[in-house]
Every structure is written in structure tokens, then in C-alpha cells.
Amino acid sequence: MQSYRLPEPFHLIFNRLLSYALLLAESVNYTSAGTIEFIVDRDGNAYFIEANTRLQVEHSVTEEVTGVDIVKMQLLVAVGGRLPLRQENIGLHGWAIEARIYAEDPWTGFQASEGVITRYREPRGPGVRVDSGIEEGQRVSSRYDTLLAKVIARGMDRGEAIARLRTALHEMVVSGVETNLDLLRVVVGSPWFADGEYSTTLLEEKLPELLREAEERRALVAAIASQLHGRTSMERGDGFARTRVSHDYGWPWPPWRS
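Residues are numbered in the numbering used here as their position in the sequence shown, beginning at 1, plus a constant of 14.
It should be emphasised that the hints constitute simulated quantities derived from the structure, not laboratory data.
Some clues are possibly wrong.
[Claimed, not checked] Using C-beta positions, here's what the derived DEER-type ranges look like:
1. E128 / V71: 17 to 23 Å
2. S213 / Q88: 28 to 34 Å
3. G48 / E102: 16 to 22 Å
4. V93 / S213: 18 to 24 Å
5. R100 / V42: 30 to 36 Å
6. F207 / E102: 33 to 39 Å
7. T45 / Q125: 37 to 43 Å
8. T49 / L234: 36 to 42 Å
Yeah, the Cβ is synthetic: ideal placement off N, Cα and C, and Gly gets one too.
Construct the entire structure; sequences and hints are all you get.
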């Protein structure tokens, strides 16, 4: 899970971090897209972590709050072009948050899973973006990177971005392979996540509790689906199924009758 922007009061040191990043890039004559990572403590002290001389997987959140197509800019520089914008022209607007969906099983220590994607549906809605490279019928192998898709939500503030991400994750459908989608739904839907009351020790401290809640939700969804299926079967008549499939949730619902 990645989010952008810096929460209060850390946004005040943004320009200082930016100057550090520019100095580092200039010192090695680096001119392409890349990421300089820092960690900031509660007192506002910044510590350098690493430099990634490539496009980062979380570049999507940066694009959402800046309005800059980083991939396009990277390709432009690669062919010898000049950037059409300056640093002072880049503003930060709103808040963005990203959740990564992996072909990993949280119930088995996040082991890579494999299989054929039998159903895949991306969420839609205001401020929602999905970056993926999968489709129905595709075979997922555990021998490759397990990242399936990234769901990005943007809002005017953190609360709106989280609310949109929560809805998007519930609308997302990936069937045929085990994923971390149920776990993400529980995490993003938790009050402590909305309040920002978590740290890097989150999984160590809360994983058993989170998995129990995810399992309960799975059981509830299965029970609802079973009841709907039974109700639909009872309403079928002369060989024609009188149901429609909701494209919002993928479940059979009782139809209206003329």
C-alpha cells in the first residue's frame, strides 16, 4: 500500500527532500525517471534509504496528484527531448493511495499462487484507476513476479481517497488464483487505517486478527451467494432463466417482471 501526499506536518520538509534528491541525481548525471527514498521520523528528521534508477511501481500515485505522465516524460528524455515543464510548474493536488493485488496467499505465509484467471473485472468510478496486465483465461505462474494489478484512488483529501479505494477493492474481481484482495479489503476498511494508527509492524501485530476477519467476510459472501442462487433457481420457469447478472457485483439478482 502506498499513498501520497505527506501528512501534516511533514509536508513542510518537502522542499528539503526535493533538494536532496536533485543533488544526488546531479552528482551521478542521472537524467531519467527514478525515485530517491527517505524515511522521516516524528521529529521531522529525514534519512536517506536508497535510490531506484528506474520507474517505480508506485509512480501511479505521483502521477495522480501531479497530473504528470511520468512514463511519457521518461520516453521523451530517452529520445533526446527536453522536458516541457519546470519543477516550479508542478503542483500537488489532492491525495492518492494505491493498493497492490498479488497472486499470493496470505493464509500460507504469502506464498505465490498459480492457476488460470477464470474471472477478472476492474472497478470503475470517479477518481479510480487500475494498472494491470492480466485478463480472463490467462495462466498465472508462480515462477514470475506475483503482481497482478494496482488499484489507485484519488480524492480531495485522504478520507475521500480511502473511501474510493475501499469501494474499488470491493468491486474488484479476480477469480481462479489466490490473491491478497480479501486482506486488502479488511485493512482498508479498518477504522485504525482511516485514522492512520499503524506502522511498519502492522502485519506482525495484526495478521492473525486480519485473516480471521477476512475469513468471516468470505463466509458471509458465500452464504449470501448461496441464498441468491437458491432464490434464483426457484424463480426459473419454462426453461428460460428469468434473472439478470448485475454488472456491478457479478451476482444473480431476482428480476423485475412485466
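Results for each hint:
1. In this structure, E128 and V71 meet the distance hint of 17 to 23 Å, their C-beta atoms being roughly 21 Å apart.
2. Roughly 33 Å separates the CB atoms of S213 and Q88, a value that falls within the hinted 28 to 34 Å.
3. Roughly 20 Å separates the CB atoms of G48 and E102, a value that falls within the hinted 16 to 22 Å.
4. For the hinted restraint 18 to 24 Å between V93 and S213, the CB-CB distance of approximately 43 Å leaves it violated.
5. Checked against the hint of 30 to 36 Å, the C-beta distance between R100 and V42 comes to roughly 21 Å, which is inconsistent with it.
6. In this structure, F207 and E102 meet the distance hint of 33 to 39 Å, their C-beta atoms being roughly 34 Å apart.
7. Remark: the range hint 37 to 43 Å for T45 to Q125 is upheld by a beta-carbon distance near 40 Å.
8. The hinted window of 36 to 42 Å between T49 and L234 holds, with their beta carbons roughly 40 Å apart.
Of the numbered hints given earlier, the model fails hints 4 and 5; all others are met.
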